[in-house]
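Enquirer: Going down the list, the protein sequences come from chains A and B. Each position in the first sequence, counted from 1, maps to that position plus 15 in the numbering used here. Each position in the second sequence, counted from 1, maps to that position plus 97 in the numbering used here.
Careful, some of the hints might be misleading.
Simulated crosslink set (DSS-like; lysine-lysine; CA at most 30 Å straight-line) [what the hints assert, rightly or not]:
1. B/Lys409 to B/Lys462
2. A/Lys92 to B/Lys209
3. A/Lys159 to B/Lys169
4. B/Lys351 to A/Lys92
5. B/Lys353 to A/Lys25
6. B/Lys327 to B/Lys485
7. A/Lys92 to B/Lys313
8. A/Lys27 to B/Lys353
9. B/Lys485 to B/Lys155
10. B/Lys351 to A/Lys136
11. A/Lys182 to B/Lys169
12. A/Lys92 to A/Lys27
13. B/Lys351 to B/Lys397
14. A/Lys136 to B/Lys155
15. B/Lys462 to A/Lys25
16. A/Lys136 to B/Lys313
17. A/Lys136 to B/Lys485
18. B/Lys327 to B/Lys307
19. B/Lys353 to B/Lys397
20. A/Lys159 to B/Lys462
21. B/Lys462 to B/Lys209
22. B/Lys259 to B/Lys307
23. B/Lys256 to B/Lys392
24. B/Lys485 to B/Lys313
25. A/Lys92 to A/Lys159
26. A/Lys92 to B/Lys353
27. B/Lys351 to B/Lys392
28. A/Lys92 to B/Lys307
29. B/Lys307 to B/Lys392
If you want the ones that stay clear, here's a sample from chain B, every Cβ over 10 Å from chain A, calculated [stated by the list, open to error]:
30. Glu147
31. Arg185
32. Arg204
33. Arg213
34. Ser245
35. Thr270
36. Leu331
37. Gly357
38. Glu382
39. Lys392
40. Ala408
It should be emphasised that the hints constitute simulated quantities derived from the structure, not laboratory data. Glycine included, each C-beta is placed from N, C-alpha and C at the ideal position.
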Amino acid sequence: MPADVTTALKEKFPQVTERASADHPAVDVPLVDLIAVLSYLRDGQGFDLLMDLTAIDWAEGAAPRFSVVYHLYSTAKPGTYVRVVAPCAGTEAEPTAPSAVEIWPAANWHERECFDMFGIKFQGHPDLRRILMWDGYPYHPLRKEFPLAGIETDLPVADIAEETGTKVIAAPMAGGPFVASPGEINLTEAEPRAKDESWSDRVARPDQTALRQMKE
Amino acid sequence: MATELSFPDSAAKAAAGAQAAPAEFQTEKMSLSMGPSHPSTHGVLRLQMELDGEILTKADPVVGYLHRGDEKIAENMTYNQFVPYTDRLDYLAPLANNMAYAIAVERLAGLKVPPRCEAIRVITAEMARISAHMMGLGAFGLDVGAWSVLLYSLEEREKLYKLFEELTGARFTTSYTRIGGVTRDIPDGWLGRVNAFCDQFLPILEETLKLLTRNKIFMDRTVGVGVIPKDVALAYGLTGPNLRGSGVGLDLRKDKPYSGYENYEFDVPVGTTGDCYDRYLVRGEEMRQSVCIIKQVIAKMPDGSWYAPEAKRIFAPPKEKVLSSMEELIQNFMIVTEGPQIPAGEVYFEAENPKGILGFFIVSKGGGVPYRLKIRSPSFCNLSILQKMCVGCLISDVVSILGSLDFVMGECDR
Numbered sequence: 016m017p018a019d020v021t022t023a024l025k026e027k028f029p030q031v032t033e034r035a036s037a038d039h040p041a042v043d044v045p046l047v048d049l050i051a052v053l054s055y056l057r058d059g060q061g062f063d064l065l066m067d068l069t070a071i072d073w074a075e076g077a078a079p080r081f082s083v084v085y086h087l088y089s090t091a092k093p094g095t096y097v098r099v100v101a102p103c104a105g106t107e108a109e110p111t112a113p114s115a116v117e118i119w120p121a122a123n124w125h126e127r128e129c130f131d132m133f134g135i136k137f138q139g140h141p142d143l144r145r146i147l148m149w150d151g152y153p154y155h156p157l158r159k160e161f162p163l164a165g166i167e168t169d170l171p172v173a174d175i176a177e178e179t180g181t182k183v184i185a186a187p188m189a190g191g192p193f194v195a196s197p198g199e200i201n202l203t204e205a206e207p208r209a210k211d212e213s214w215s216d217r218v219a220r221p222d223q224t225a226l227r228q229m230k231e
Numbered sequence: 098m099a100t101e102l103s104f105p106d107s108a109a110k111a112a113a114g115a116q117a118a119p120a121e122f123q124t125e126k127m128s129l130s131m132g133p134s135h136p137s138t139h140g141v142l143r144l145q146m147e148l149d150g151e152i153l154t155k156a157d158p159v160v161g162y163l164h165r166g167d168e169k170i171a172e173n174m175t176y177n178q179f180v181p182y183t184d185r186l187d188y189l190a191p192l193a194n195n196m197a198y199a200i201a202v203e204r205l206a207g208l209k210v211p212p213r214c215e216a217i218r219v220i221t222a223e224m225a226r227i228s229a230h231m232m233g234l235g236a237f238g239l240d241v242g243a244w245s246v247l248l249y250s251l252e253e254r255e256k257l258y259k260l261f262e263e264l265t266g267a268r269f270t271t272s273y274t275r276i277g278g279v280t281r282d283i284p285d286g287w288l289g290r291v292n293a294f295c296d297q298f299l300p301i302l303e304e305t306l307k308l309l310t311r312n313k314i315f316m317d318r319t320v321g322v323g324v325i326p327k328d329v330a331l332a333y334g335l336t337g338p339n340l341r342g343s344g345v346g347l348d349l350r351k352d353k354p355y356s357g358y359e360n361y362e363f364d365v366p367v368g369t370t371g372d373c374y375d376r377y378l379v380r381g382e383e384m385r386q387s388v389c390i391i392k393q394v395i396a397k398m399p400d401g402s403w404y405a406p407e408a409k410r411i412f413a414p415p416k417e418k419v420l421s422s423m424e425e426l427i428q429n430f431m432i433v434t435e436g437p438q439i440p441a442g443e444v445y446f447e448a449e450n451p452k453g454i455l456g457f458f459i460v461s462k463g464g465g466v467p468y469r470l471k472i473r474s475p476s477f478c479n480l481s482i483l484q485k486m487c488v489g490c491l492i493s494d495v496v497s498i499l500g501s502l503d504f505v506m507g508e509c510d511r
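Chain B on its own, in the form it takes in the complex (with noise of 0.2 Å):
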């Protein structure tokens, strides 16, 4: 006569009869390779899996498919060359990764630039992070099976990029920031369309939440599934909304503000379990978040320079000038040619980026070109959780997991 014995669920129930089960009907375990180009892989992670049935006995997460050696690459050009290298690192959302590169080497060259640029960054920071935030949410619901929230989010990333490309030229790849400033002032009427697409977008926002918060297919794949305890998820560094998800409040917006952003109040979300559903609330979240920063930026605005005055030597002088000054004919030259000069030293700059902490490490021994610059990547660093919190999991709940992670190829094989 069986035995009856309770199980949370059916995966803890398979998994444990797996075990007891005489030799004779053991099940052969079976090997499967999810990805490179499998559309719950986001890009081109691939998962070497172990599987018992339905079951995940071993993942081994496969990366480097998008290596493009953005680290040797930098060892070879000059400081402002590499900018726009560092749009290709989280495609989503450029203009962050612009922001925190240029801050990196500000701090290595010792300069402060004036509150108007700072305030243009946060703006296009706080965009960037609404738009990848939204494209990943999309994702996140094409995955577990909810089409529509992909369309709402599609939409308005559209509106997102139109206003990207009037501000910087390019829609996808911004190259926005300049060591010492950033390209262009903002436009007449920018500022404007800016808050009026913050108007309109809250209640969309709140219409596509709608759709999965208590939605009961999204609840039952999500709700449980992949969770990371605190302290697990500080062990394996995971960062941004993964980490908050699993109850860790660190935001370096507020741990260590850059940029002038203590002079902006928000909050910052936490989860409390750290299942697939935090992060999605935590992401959530952040976007009402970071509206309510938009909105202030725009209501104090300060004017004046938007690059800094003592940036000369990085810094390209103004076009009109080279062409009717000497000094700042050979000045541009220099720049052009050896690159600005950067003083010897070695800073370590994070910010807090759609995806978690992005950090730029740079060595200079002086001169344009650093000498080593190490990009400390948000998703390689929340992707290798994967190994330990996938064993055990059913193949669906590894989509919703990977969904949850919100990834990034590009800037996890730099």
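One chain only, chain A, in its complex shape (with noise of 0.2 Å):
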């Protein structure tokens, strides 16, 4: 029963409130009773499986600028999911949320995921390195003010780096994503090739000439 979840987590966390939500029965919870409320989840509602724990940026200067999103699955009642969200604390630059890798050892490679694209450090995480981008990358390259093109920076391999003289550059954006934004005047601006263009048809690519230089 989907509205069961919700009443049985409001009467036991009064801080619990309902989440708007399309399909799954979603409920809201303070960070400080994240770890709570996910124990019982597991122990007292039988959600057994995590089937996926991820997180959204809300753009820059946002109240909360991130937030974790927690989707979890029930074998003893099959078909029933439930989605657990809690806004992320500490600062814009390093947010945090609580690890819960000691509920689900499934949690471990999430968590990394999400502390590699949004940088959120997962308290409690027995081994939070970079999963997808490699150790020592800069950015955090799913918050919203980091550009689809990427930005330029060092290759992994450092003696690589220092024989060829390259770096990891941008990607170039011609031909990219085609979106526009409705009720702007200028066509141009309206109808860009891409929302991001550090690198198309109309900007040289960056440090061409800085590259060639060096080659010669």
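Mind assembling these two chains? They're in different frames, but the hints should get you there.
Expert: Rendered as structure tokens:
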């Protein structure tokens, strides 16, 4: 019964509020109660499978800037899901959330991915390293301020970088995703080839001349 | 005089010996990197191993070599534009990925597709399952030294690809579904050819499985190897054949039916011990069940439209209408430039894909572009267990385990 999970949660944790959702029952949980709520859902409500753990960036300056989202599934009651959302604490540069690895080992890689993509520090995580990007990569790519084309950075391997003199460069955006913003009168601004134009047919590839001079 | 001790196998004996040995006989631990270009890592997985002799004392999977930033890309394009990117997740079953993504967006938009469209999607998804499992089986056989299985499986996959090509125009990256429907109706006589494929496929499947099921070498390398107990499989979020091999009968086609799966009868095979052999048996049986589903769909293929008529603001209008009618022309222009207008909300949809459960979590603030799109990829979750289960194994067991987990790095790294 979908309504029962939220009712039971609200009875046990009065701080929990219902969250608007198009499909599964969903709740908003304050960050301090997150681990208690997740443990209760696993042990008291039979949500034994952590399906997904991710984060949402609510844009620069928003409060909260980041939320963590958990999707739990119950094998005891087949076909029932619950979505748990909690706002992150900490600063915009270094948001924090408690780690759920103790409850589900499955959270380990998911939390590493969230740290990699958003920079969320999961407190209590046994091994919080980057997972998809390489160690030492300086940015968190899924943050809203990170451009689609990428930002020029050093190659992960220092000796190759030194020998070749190359860097990880921003991707060309020519022919990239075509997105229009409604309500713009100036058509070239309303319909750019891509929102991000750090390298396109109209904007030169960054640092081309510097690179060429170095080779010569 | 040496004490006689009994050990279950040579690996346990060696491990016990290494611990009992005095300091001067302790072997030096060796670190070995397997992959990212290694035939048994099925793409670009890298296993950073620490070895004591031939026994792993530590395994750290390094993923991300195929990371393309699909989630970032999704935030920068319209819902329809993202369909081809879903092909490149699990590139061995693009039709199933297309379907999962389309249903997720349809749930968000509150769309219901007609029965014919659902039936077409079920046929294609099950064909994709057969093709993916055939490939997985062939690669698994190859990993443990059974060459001939791959030859059989590639031939069957080729026949399926011919059918895919006829239906979608592409063999590999199909991009067949659209939000609210599919790209085109099934061609004349295609269902008959799928039926004929099923008829000839069943005996070949039995023949192929016979090459492995009672094969002494294959059994020696898989029975009792890489055992994942039920509770561990659940704790690590395993899904698909890997979870069912451990004895958990979770199959979303049965437990939370989508796209009309509740209309078809099929069984969900589960394993008992959760070793590599069980996972192989589960995949073999799933292919038989897929054939059974396809035959049922063909028998009761409904007539009618193959796209939702109320999908007007999502589905591009028919080309001849765009060229002849003003309203459709404007609508086509709006859909192409601004994208289909999807209401604000959050939706999480999961589909039972060949590799496991593929989920899409979409956050929309309204408009034509998703605000956040998260892909829950089964291979990523299935691989996270390697860190735990490889410790204490022999290197040759790692090869069996990787083969039996049947992962795709395109999906893992996204």
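Enquirer: Does the alpha-carbon distance linking B/Lys307 and B/Lys392 stay inside the 30 Å limit?
Expert: Holds - the C-alpha atoms of B/Lys392 and B/Lys307 are around 23 Å apart, at most 30 Å.
Enquirer: Can the restraint linking B/Lys327 and B/Lys485 be considered satisfied, given a maximum Cα separation of 30 Å?
Expert: The given pair, whose Cα atoms are some 14 Å apart, holds under the 30 Å limit.
Enquirer: Between A/Lys136 and B/Lys155, does the CA-CA distance stay at or below 30 Å?
Expert: Given pair A/Lys136, B/Lys155 holds - Cα atoms ~25 Å apart, limit 30 Å.
Enquirer: Verify this label for me: B/Gly357 is non-interface relative to chain A, using a Cβ-Cβ cutoff of 10 Å.
Expert: holds, 15 Å
Enquirer: What's the verdict on B/Lys485 and B/Lys313, does the C-alpha distance respect the 30 Å limit or exceed it?
Expert: The hint holds at about 28 Å.
Enquirer: Going straight from one Cα to the other, do A/Lys92 and A/Lys159 come out at no more than 30 Å?
Expert: It is violated: about 37 Å lies between the C-alpha atoms, which goes past 30 Å.
Enquirer: Next pair to validate is A/Lys159 with B/Lys462; report whether the Cα-Cα distance is within 30 Å.
Expert: holds, 14 Å
Enquirer: Given the hint that B/Lys351 pairs with B/Lys397, test it: the Cα-Cα distance must not exceed 30 Å.
Expert: Since the Cα atoms of B/Lys351 and B/Lys397 sit roughly 19 Å apart, the hinted pair holds (cutoff 30 Å).
Enquirer: Over 10 Å from every CB of chain A: does B/Arg213 meet that, or does the non-interface label fail?
Expert: holds, 24 Å
Enquirer: So if I understand the rule, the pair passes when the alpha-carbon distance is 30 Å or less; does A/Lys136 with B/Lys313 pass?
Expert: violated, 49 Å
Enquirer: For the pair supplied as a hint, B/Lys462 and B/Lys209, confirm whether the alpha-carbon distance does not exceed 30 Å.
Expert: holds, 21 Å
Enquirer: Minimum C-beta separation from B/Leu331 to chain A exceeding 10 Å: can you confirm that?
Expert: violated, 5 Å
Violated hints, in rising order: 7, 10, 16, 25, 28, 32 and 36; the structure is consistent with all others.
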